[in-house]
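**Student:** Sequence:
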Amino acid sequence: MLLLLTDLADSIVDILAAPFVEAFLTATFIGSGAVLKKKIDAKTFRNLWANFFGESGSEIHVVLPLIKQKRLFSEIAKTQSRIPENVLFMPYCESQGVQLLKDAIEKAYPKRKVICHDSRNFVGDHKSFICVGGPAINVVSRDLLLTRQIDAKFKMDFLGRFAVDGVDDSVYRSSILGESITEDYGFIFFTENPYHKGSSICLVFGIWSHGTNSAVQALCQKGEPLKELVRYLKDNKSLFAVTKSTVRGMVTGFPSVEKMRKIENCCQVPADSA
Numbered sequence: 000m001l002l003l004l005t006d007l008a009d010s011i012v013d014i015l016a017a018p019f020v021e022a023f024l025t026a027t028f029i030g031s032g033a034v035l036k037k038k039i040d041a042k043t044f045r046n047l048w049a050n051f052f053g054e055s056g057s058e059i060h061v062v063l064p065l066i067k068q069k070r071l072f073s074e075i076a077k078t079q080s081r082i083p084e085n086v087l088f089m090p091y092c093e094s095q096g097v098q099l100l101k102d103a104i105e106k107a108y109p110k111r112k113v114i115c116h117d118s119r120n121f122v123g124d125h126k127s128f129i130c131v132g133g134p135a136i137n138v139v140s141r142d143l144l145l146t147r148q149i150d151a152k153f154k155m156d157f158l159g160r161f162a163v164d165g166v167d168d169s170v171y172r173s174s175i176l177g178e179s180i181t182e183d184y185g186f187i188f189f190t191e192n193p194y195h196k197g198s199s200i201c202l203v204f205g206i207w208s209h210g211t212n213s214a215v216q217a218l219c220q221k222g223e224p225l226k227e228l229v230r231y232l233k234d235n236k237s238l239f240a241v242t243k244s245t246v247r248g249m250v251t252g253f254p255s256v257e258k259m260r261k262i263e264n265c266c267q268v269p270a271d272s273a
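In numbering that gives the first Met the number 0, the protein residues as written are 0 to 273.
Since the hints were derived computationally from the structure, they do not count as laboratory data.
One thing to keep in mind: the hints can contain errors.
[Claimed, not checked] Now the in silico label distances, taken between C-beta atoms and shown as ranges:
1. E227 to S57: 23 to 31 Å
2. K154 to K112: 30 to 38 Å
3. D234 to S80: 49 to 57 Å
4. Q98 to V166: 31 to 39 Å
5. F72 to D167: 40 to 48 Å
6. V166 to P83: 40 to 48 Å
7. E227 to K154: 20 to 28 Å
8. S57 to K77: 45 to 53 Å
Cβ coordinates follow ideal geometry from the N, Cα and C atoms, glycine included.
Required output: the full structure, derived from the provided sequences and hints.
**Tutor:** Next up, the structure:
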């Protein structure tokens, strides 16, 4: 009897050790783990955005600082070539951040359509939207910060490239070594929508495009920064957060959250808003 059990056990081990069986089991368990990880990551992201986006199947709107250039100069041909009217550009790190944001939204909300708008042509009649890019390149950001003053305590000098938080007089300025940025700051605002009563906006930008990428990473990538933002917004209706990242060449490092506070001086929503 013992011999039969031993032979049976050896046979099972031989079958499991067969290359195609081993490959099948590995793919199955790794695949299951990957699916589970994807679901956990998406849940953490949804914990932050659930109230903002709502649970309906409506479209998700993102306003971008698309930049139109008329010509590109060729170092090889030493000539300028005209760019087609419908081709737009934005800074490299900002492009990375936008793609990261879009991927995170689509992963968490696979059945909802993400629509990106050029800030120059955006009509602020959507209930909730995300706005990416600072006031120097995004006209909606400029209107939100300077005209609507969604947070009267925050001042951004987009020509001098620094920001001041009037709550504690903190000054945020990029660190530069030689002619390269080595550290940059990003800013995140969650507050009520000045264009549409009863809805919200999320404004994300940095001192430079690296700072924008830093702030987007904090909003989208799993880790302590995302958890901190989730915990804060669980107990507060508005949020101002500052992120900080090291920069190496064109690569923006993983962010830390330097500050979080309520937005006390929110803008007034027009009485005739729908």
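**Student:** Now tell me, hint by hint, if it's right for this structure.
**Tutor:** These are the hints, each one checked on the structure:
no. : hint                     : verdict
1   : E227 to S57: 23 to 31 Å  : holds, 28 Å
2   : K154 to K112: 30 to 38 Å : holds, 36 Å
3   : D234 to S80: 49 to 57 Å  : holds, 54 Å
4   : Q98 to V166: 31 to 39 Å  : holds, 33 Å
5   : F72 to D167: 40 to 48 Å  : holds, 45 Å
6   : V166 to P83: 40 to 48 Å  : holds, 46 Å
7   : E227 to K154: 20 to 28 Å : holds, 24 Å
8   : S57 to K77: 45 to 53 Å   : holds, 50 Å
Hint check: no violations occur; every hint is consistent with the structure.
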